[in-house]
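Novice: Residue-level listing of the chains:
Number of protein chains: 2
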Amino acid sequence: MAEYSSKLLEEAVNQLSRLPGIGRKTALRLCLHILKSENGEAQQLGEALIKLREEICYCDICHNISDGNTCKICLDLRRDPETICVVADIRDVMAIENTSQFRGRYHVLGGIISPIEGIGPGDLTIDSLLRRIESEKTRELIMALPATIEGDTTNYYIYKKISTLGILVTTIARGIAVGDDLEFADEITLGRSILNRMPFEGTIGQKK
Amino acid sequence: MAEYSSKLLEEAVNQLSRLPGIGRKTALRLCLHILKSENGEAQQLGEALIKLREEICYCDICHNISDGNTCKICLDLRRDPETICVVADIRDVMAIENTSQFRGRYHVLGGIISPIEGIGPGDLTIDSLLRRIESEKTRELIMALPATIEGDTTNYYIYKKISTLGILVTTIARGIAVGDDLEFADEITLGRSILNRMPFEGTIGQKK
Numbered sequence: 001m002a003e004y005s006s007k008l009l010e011e012a013v014n015q016l017s018r019l020p021g022i023g024r025k026t027a028l029r030l031c032l033h034i035l036k037s038e039n040g041e042a043q044q045l046g047e048a049l050i051k052l053r054e055e056i057c058y059c060d061i062c063h064n065i066s067d068g069n070t071c072k073i074c075l076d077l078r079r080d081p082e083t084i085c086v087v088a089d090i091r092d093v094m095a096i097e098n099t100s101q102f103r104g105r106y107h108v109l110g111g112i113i114s115p116i117e118g119i120g121p122g123d124l125t126i127d128s129l130l131r132r133i134e135s136e137k138t139r140e141l142i143m144a145l146p147a148t149i150e151g152d153t154t155n156y157y158i159y160k161k162i163s164t165l166g167i168l169v170t171t172i173a174r175g176i177a178v179g180d181d182l183e184f185a186d187e188i189t190l191g192r193s194i195l196n197r198m199p200f201e202g203t204i205g206q207k208k
Numbered sequence: 001m002a003e004y005s006s007k008l009l010e011e012a013v014n015q016l017s018r019l020p021g022i023g024r025k026t027a028l029r030l031c032l033h034i035l036k037s038e039n040g041e042a043q044q045l046g047e048a049l050i051k052l053r054e055e056i057c058y059c060d061i062c063h064n065i066s067d068g069n070t071c072k073i074c075l076d077l078r079r080d081p082e083t084i085c086v087v088a089d090i091r092d093v094m095a096i097e098n099t100s101q102f103r104g105r106y107h108v109l110g111g112i113i114s115p116i117e118g119i120g121p122g123d124l125t126i127d128s129l130l131r132r133i134e135s136e137k138t139r140e141l142i143m144a145l146p147a148t149i150e151g152d153t154t155n156y157y158i159y160k161k162i163s164t165l166g167i168l169v170t171t172i173a174r175g176i177a178v179g180d181d182l183e184f185a186d187e188i189t190l191g192r193s194i195l196n197r198m199p200f201e202g203t204i205g206q207k208k
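Chains D and E, in that order, give the protein sequences. The letter at position 150 of the first sequence is residue 150 when you use the working numbering, and the numbering goes up by one with no holes. The letter at position 63 of the second sequence is residue 63 when you use the working numbering, and the numbering goes up by one with no holes.
So that you can see chain D by itself, here it is in the shape it has in the complex (with noise of 0.2 Å):
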């Protein structure tokens, strides 16, 4: 391991390094460009990322992380209350956001049922969701997890709490990317594609 010639700096990589993603390397090219940043630059930096840990909140209605206690998209009144879009992470959310199709609102499970990882039930924000339900006269569930296992497990167990309340359970669709060739797609998505046919007419004048 390299010695460092100031405790500062190895302080730095040291901590930089635990980030995913970031080997000691890395780290140190990062600090040595903060050294030479202007003024004020790293002061900024610093700030940033210790508020962001301290002061974030959580919305007390979707789970989503949000400035106030409750989020942007669930306090816009314009946006249909009757649907609401589970996915596991905020990242899900924000891109469901950037493709402007979706007027409804989520709700952030914070990970998915995950016995490998003892990520069980009660470690997500199901029971919120389910009170939620029962609450807001939802019509319908969409479910966006990913497409595993452990995703599968979390749709069937939240579809099994809520069978009795007649609400409409729907999955986001699984196919050929746009723009993707056939012949290079998996053959399980392929496979589901034909399986999960629509009719010609719905695709017309659809946003791509």
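Honestly, the hints are just simulated from the structure, not real lab data. Take these hints with a grain of salt, some might be off.
[Claimed, not checked] With the C-beta cut set under 10 Å, the calculated list includes, among others, these residues of chain E facing chain D:
| # | residue |
| --- | --- |
| 1 | I22 |
| 2 | L35 |
| 3 | I90 |
| 4 | V93 |
| 5 | Y159 |
| 6 | R197 |
Where a beta carbon is used, it is the ideal one built from N, C-alpha and C, also for glycine.
Since chain D is already given, all that's left is putting chain E on it; use the hints.
Specialist: Positioned in the frame of chain D, the structure of chain E alone reads:
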């Protein structure tokens, strides 16, 4: 551009993505990791970066980074004060220190002469090197600058400045790296390694 559901998150992503090699997606991934991190970890990281920039010192003698006015290497009396290795960057000091093959002192120029980037001799610590040579009875100057036109220019500039002082000026050996196949070496390096061949006896017992 993604709209973030929290100003704190947006600010942290903005700040992180100013670092070299870190785009907005990576910055977001790092922020989400920080959000899930143990209490206090973000504080440690942020403070380490702020302290690095605010409190770092540069050695008065060799301009390496240091925790005080003089760095550990310059303070180490066991190190040969008559041999100075001239490097462009503090990273080069670390690289050479890692080899454990050099027991002299360093001089960090802080860059190399580059008219294109607007870096002239006055922007580097060359004057400080010249004063140091006069006061320290330097015997040998080992030039370990990059093998580029800018590096050669800087070598030549320094060489001209001290050519009358009777100091031995050497440059680190350029040649085929230990373990490399000749067929994959670039022509300039291979050509230099033939021109600068050395007596076989001199290589016996050298640490690889």
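Novice: Could you run down the list of hints and mark each one as holding or not?
Specialist: So, going through the hints one by one against the coordinates:
For I22 (chain E), the suggested interface contact is upheld, since its CB lies about 8 Å from the closest CB of chain D, less than 10 Å. At about 6 Å, the closest approach between the beta carbon of L35 (chain E) and any beta carbon in chain D falls short of 10 Å, and the interface hint on this residue holds. For I90 (chain E), the interface hint holds, the least distance from its beta-carbon to any beta-carbon of chain D being 7 Å, beneath 10 Å. Because the smallest distance between the Cβ of V93 (chain E) and any Cβ of chain D comes to about 7 Å, under 10 Å, the interface hint for this residue holds.
Violation of the interface hint for Y159 (chain E) is found here, the shortest Cβ-Cβ separation to chain D being roughly 27 Å, above the 10 Å cut-off. A least Cβ separation of about 32 Å between R197 (chain E) and chain D goes past the 10 Å threshold, and the interface hint is therefore violated.
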